[in-house]
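Protein chains in written order, with our numbering: chain D, 1 to 464; chain U, 1 to 464.
If you're looking for bench data, these hints aren't it; they were derived computationally from the structure. Mixed in with the good hints, there may be bad ones.
One copy or two, it doesn't matter: identical chains are merged, so the pair holds either way.
[To be verified] Here are the simulated DSS-like cross-link-like pairs (lysine-lysine), alpha carbons at most 27 Å apart as the crow flies:
no., residue 1, residue 2
1, 309, 49
2, 94, 239
3, 85, 137
4, 243, 126
5, 308, 239
6, 124, 239
7, 126, 308
8, 243, 137
9, 17, 308
10, 239, 126
11, 364, 257
12, 124, 309
13, 124, 257
14, 126, 309
Protein chains: 2
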Amino acid sequence: MPLDNNIIQSFTAILGKERVIRGHQLSERYDHIWHMDIGTQAQAILLPKSTEEISELLKICNSEHVPVVVHGGLTNLVGSTETKKGEVVISLEKMNSIIELDEGSRTLTVESGVILEDIHNATKDKGLLFPLSFGAKGSAQIGGIISTNAGGLRVLRYGMTRQLVMGLEVVLADGTILTNLKKIIKDNSGYDLKQLFIGAEGTLGVITKAVLRLQEMPSSRCSALVGFNDYSNVINFLKLADKQLAGTLSGYELIWKDTYKILTTDPSLLKPPMTYDYNFYVLFESMGSNQESDQALMQQLLEDAMEKKMLQDAMIAGSESDLNWFWNIREDVGIIDSQFPYSQHYDVSIPIPSIDAYVTSVRKKLRLELGISDALPFGHVADGNIHFIVGKPDNTPELKKAIDDIIYMPLQALNGSVSAEHGIGLHKKSRLHISKSEAEVNVMRAIKRTLDPNGILGRGRIFD
Amino acid sequence: MPLDNNIIQSFTAILGKERVIRGHQLSERYDHIWHMDIGTQAQAILLPKSTEEISELLKICNSEHVPVVVHGGLTNLVGSTETKKGEVVISLEKMNSIIELDEGSRTLTVESGVILEDIHNATKDKGLLFPLSFGAKGSAQIGGIISTNAGGLRVLRYGMTRQLVMGLEVVLADGTILTNLKKIIKDNSGYDLKQLFIGAEGTLGVITKAVLRLQEMPSSRCSALVGFNDYSNVINFLKLADKQLAGTLSGYELIWKDTYKILTTDPSLLKPPMTYDYNFYVLFESMGSNQESDQALMQQLLEDAMEKKMLQDAMIAGSESDLNWFWNIREDVGIIDSQFPYSQHYDVSIPIPSIDAYVTSVRKKLRLELGISDALPFGHVADGNIHFIVGKPDNTPELKKAIDDIIYMPLQALNGSVSAEHGIGLHKKSRLHISKSEAEVNVMRAIKRTLDPNGILGRGRIFD
Chain D
1 MPLDNNIIQS FTAILGKERV IRGHQLSERY DHIWHMDIGT QAQAILLPKS
51 TEEISELLKI CNSEHVPVVV HGGLTNLVGS TETKKGEVVI SLEKMNSIIE
101 LDEGSRTLTV ESGVILEDIH NATKDKGLLF PLSFGAKGSA QIGGIISTNA
151 GGLRVLRYGM TRQLVMGLEV VLADGTILTN LKKIIKDNSG YDLKQLFIGA
201 EGTLGVITKA VLRLQEMPSS RCSALVGFND YSNVINFLKL ADKQLAGTLS
251 GYELIWKDTY KILTTDPSLL KPPMTYDYNF YVLFESMGSN QESDQALMQQ
301 LLEDAMEKKM LQDAMIAGSE SDLNWFWNIR EDVGIIDSQF PYSQHYDVSI
351 PIPSIDAYVT SVRKKLRLEL GISDALPFGH VADGNIHFIV GKPDNTPELK
401 KAIDDIIYMP LQALNGSVSA EHGIGLHKKS RLHISKSEAE VNVMRAIKRT
451 LDPNGILGRG RIFD
Chain U
1 MPLDNNIIQS FTAILGKERV IRGHQLSERY DHIWHMDIGT QAQAILLPKS
51 TEEISELLKI CNSEHVPVVV HGGLTNLVGS TETKKGEVVI SLEKMNSIIE
101 LDEGSRTLTV ESGVILEDIH NATKDKGLLF PLSFGAKGSA QIGGIISTNA
151 GGLRVLRYGM TRQLVMGLEV VLADGTILTN LKKIIKDNSG YDLKQLFIGA
201 EGTLGVITKA VLRLQEMPSS RCSALVGFND YSNVINFLKL ADKQLAGTLS
251 GYELIWKDTY KILTTDPSLL KPPMTYDYNF YVLFESMGSN QESDQALMQQ
301 LLEDAMEKKM LQDAMIAGSE SDLNWFWNIR EDVGIIDSQF PYSQHYDVSI
351 PIPSIDAYVT SVRKKLRLEL GISDALPFGH VADGNIHFIV GKPDNTPELK
401 KAIDDIIYMP LQALNGSVSA EHGIGLHKKS RLHISKSEAE VNVMRAIKRT
451 LDPNGILGRG RIFD
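Using the sequences and the hints given, assemble the complete structure.
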């Protein structure tokens with residue numbers, strides 16, 4: 001249903017003509033940063049500059065039952081930023097001010113359209129770290145990051161986004177502004193409402209500002225690559241590393257043998273630091289205050305583990321260039337895609353002890369039932385979060401579904417999750433019941449109805 | 001209104017007679033562990049042994065509109081466990097099983113009536129730590145701890161209870177059982193419902209089981225006491241310590257001069273490790289993996305801070321007995337109570353840079369307006385959380401209110417909170433508006449109505 005002209009006029013009365021994008025101007029706008037050739041289907045894109053403007057816009061959308069999709073950096077991986085005809089986009093791109101860096105409170109207050117990399121740049125000169133980081137940091141905006149409770153490479157030490165947010169300002173569907181931009185770490189006065197909006201994928205309110213918690217910037221970084229034959233020792237060594245490196249362990253990434261091979265052979269430009277003789281390769285990292293003593297601590301850890309026969313091989317990054325070499329292997333997983341005509345990406349959570357058996361069983365099924373031999377796992381094993389890239393010969397919906405079934409179905413019995421980091425959005429909606437019981441989904445729906453009775457925000461995301 | 005006999009009979013049909021405490025048996029039961037001489041006012045105490053029994057009991061209470069108060073370890077500090085005539089207590093004391101310790105997942109699954117100290121004992125033999133700890137650990141039950149999102153001495157490193165809970169089982173007011181006892185760290189599949197119940201003070205559901213996240217047990221512990229004259233250096237040194245001790249800094253407690261004096265003079269049996277020449281005394285702690293090198297790191301930190309003229313005096317705990325001596329000074333604040341005819345305790349949150357000015361201003365007002373010269377502050381300064389013990393000459397409601405006003409009123413302008421750790425319960429209800437806006441309280445009420453439409457759970461707690 002196309003939008004009434006009166007509604008458009010009301011938007012224009014709030015924002016002015018130049019911040020209501022319509023008609024032929026829309027053809028230059030898109031819904032996803034990886035598909036900039038596909039124009040948006042939305043009927044208008046609104047570019048508010050303030051919380052109050054968003055409140056006024058939502059009041060209109062709510063009373064007229066106009067569905068709203070919020071656009072941030074458009075890096076979402078589960079279809080949340082896709083639009084349909086009759087929908088309106090509120091884009092936060094003009095709400096990109098860094099409001100305040102408070103060194104004493106170690107907080108950064110920002111508008112929700114600020115890009116993650118700009119946050120990193122704004123804090124590092126003060127010796128402060130916003131620890132969240134991932135590949136899309138140059139585009140992803142903090143509002144979307146909070147809405148999806150993003151993870152990344154340092155969750156093990158610093159937690160997911162949920163742990164890094166101290167305060168939020170949110171506009172509800174009816175235009176109500178909830179402002180809690182306090183720079184306090186502890187607040188047990190009533191329900192902690194911000195928790196509702198973190199990870200709600202934009203379905204309960206529009207995040208407009210946030211107070212982010214910062215950390216002191218570590219001054220040393222040490223890494224090592226370790227080869228294991230037994231998965232049980234991947235866990236044993238994680239526990240030992242956590243103990244001996246005390247609070248400095250900041251990353252612990254697992255790469256399976258096949259994945260490691262692909263990541264270090266042509267067309268990859270990266271050479272393998274270690275032979276292909278082992279079943280599992282772990283890249284781990286500590287961040288502390290003294291390069292020399294931290295390196296010695298890591299050396300001692302590896303010697304102790306060697307003596308306990310936990311590991312087969314180990315190699316410490318001896319220089320900055322080694323460090324970059326090792327981590328590029330883990331981060332340049334995009335190279336895997338280029339090996340196959342088509343591929344599917346996965347992001348699942350499993351209790352740590354069950355990961356290897358799950359991966360082995362899934363790969364066997366893919367091979368036997370679908371003839372697919374390339375299912376390449378890697379990921380944040382210390383967080384119980386594994387990613388898969390599955391290479392496939394064609395792009396039919398039937399094959400997609402068959403692969404999905406094999407990957408997702410066992411997760412219910414394992415008490416895992418179909419989404420560790422990326423969310424549900426539109427793409428994983430049909431699999432939500434694997435992660436959550438009917439009773440839980442009913443409560444989610446009840447919360448949604450309470451905060452957005454007309455269902456205008458992110459309609460159809462997470463559940464129908 | 002007394003309970004209908006039919007209702008009591010329904011309870012008995014579920015639990016059997018011996019687990020429905022009524023009549024003269026009730027006179028031996030009480031609502032708070034510090035007031036065991038004051039009998040409970042509740043009309044019956046129900047002792048379920050399972051989640052299913054709780055579900056059945058709540059179905060009856062919900063359909064008959066019987067208000068329910070949940071009893072755990074009865075150590076609550078804001079009146080949440082107090083009962084009135086016509087209320088029924090569900091006590092979790094018989095749900096005290098430790099269900100599973102999973103070393104690979106580093107989780108402990110427990111029923112909600114398990115006492116905190118029993119959790120510590122169950123994990124320490126496996127070299128694992130449940131880091132939450134506080135004075136009432138010998139009585140407080142994990143269900144109540146989660147319901148109040150308890151804090152304590154190591155929030156700085158490990159976070160509040162919210163960060164330590166991986167999974168929850170909850171029974172809603174209508175008897176619906178929400179089970180999410182997964183041992184996974186990351187789960188972005190739909191709303192994270194457990195966040196609703198953590199810190200909700202029992203008003204949204206009854207917590208029946210939990211999956212707790214465990215940490216590797218540190219094998220070293222170092223502490224030092226530091227004297228400062230300037231509050232700004234208390235913050236500067238916190239930042240330096242956090243940086244140089246990297247991830248091992250685990251406690252940073254501030255004691256004001258007057259408080260330090262009272263804690264180390266007769267009738268206290270503890271001697272002062274340091275003279276009374278400074279305005280601020282900070283006791284801080286690191287927990288790592290090597291006593292010798294960690295002690296050297298702390299020594300280096302103190303030398304660096306001395307060179308920067310950040311601090312006036314410093315003393316490292318050289319032995320286990322020093323360590324206990326230092327920490328007993330901080331923990332034995334009960335000694336303060338004995339100095340005054342009556343006292344009031346406070347638990348407030350303030351942005352870290354504003355703490356000293358707030359404390360100075362509050363103490364001045366108490367002195368000038370009420371003639372009260374004993375307002376003794378101490379607390380978790382690195383968390384922005386300060387406790388006050390105010391000694392007062394009488395116990396009239398007027399004086400209580402006048403002191404409350406002076407302590408609480410400035411918090412709104414400072415963007416602080418009237419409750420950092422203890423919650424709102426019954427006692428701080430009239431002050432909730434200082435911490436939270438009307439819009440926020442309205443959303444809290446809407447959530448409450450959605451999950452407990454008849455208002456049977458913890459009626460009158462947090463808000464009316």
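Results of checking the hints against the structure:
Taking CA atoms no more than 27 Å apart as the test, residue 309 paired with residue 49 passes in neither setting, with 60 Å inside one copy and 46 Å between copies. When the C-alpha separation of residue 94 and residue 239 is checked against a cutoff of 27 Å, the pair qualifies neither within a copy, at 45 Å, nor between copies, at 34 Å. For the homomeric pair residue 85 and residue 137, neither the shortest alpha-carbon distance inside one copy (30 Å) nor that between copies (58 Å) is at most 27 Å. With identical chains, the CA atoms of residue 243 and residue 126 are at most 27 Å apart between copies only, with a shortest distance of 13 Å across copies and 30 Å within one.
Taking the shortest Cα distances, residue 308 and residue 239 sit within 27 Å of each other inside one copy (13 Å), while across copies they are farther apart (38 Å). Proximity of residue 124 to residue 239 under the C-alpha cut-off of 27 Å is restricted to the inter-copy arrangement: shortest distance 14 Å between copies versus 31 Å within a copy. Proximity of residue 126 and residue 308 under a CA criterion of 27 Å is satisfied inter-copy only: 18 Å between copies versus 42 Å inside one chain copy. With identical chains, the CA atoms of residue 243 and residue 137 are at most 27 Å apart between copies only, with a shortest distance of 25 Å across copies and 31 Å within one.
In this assembly of identical chains, the alpha carbons of residue 17 and residue 308 never lie at most 27 Å apart, being 70 Å within a copy and 57 Å across copies at closest. With identical chains, the CA atoms of residue 239 and residue 126 are at most 27 Å apart between copies only, with a shortest distance of 12 Å across copies and 33 Å within one. For a Cα distance limit of 27 Å, the shortest separation of residue 364 from residue 257 inside one copy, 15 Å, qualifies, whereas the shortest one across copies, 68 Å, does not. With identical chains, the CA atoms of residue 124 and residue 309 are at most 27 Å apart between copies only, with a shortest distance of 25 Å across copies and 40 Å within one.
Proximity of residue 124 and residue 257 under a CA criterion of 27 Å is satisfied in neither setting, with 36 Å inside one chain copy and 36 Å between copies. In this assembly of identical chains, residue 126 and residue 309 lie within 27 Å of each other by CA distance solely across copies; the values are 21 Å between and 43 Å within a copy.
Violated hints for the displayed structure, listed by number in ascending order: 1, 2, 3, 9, 13.
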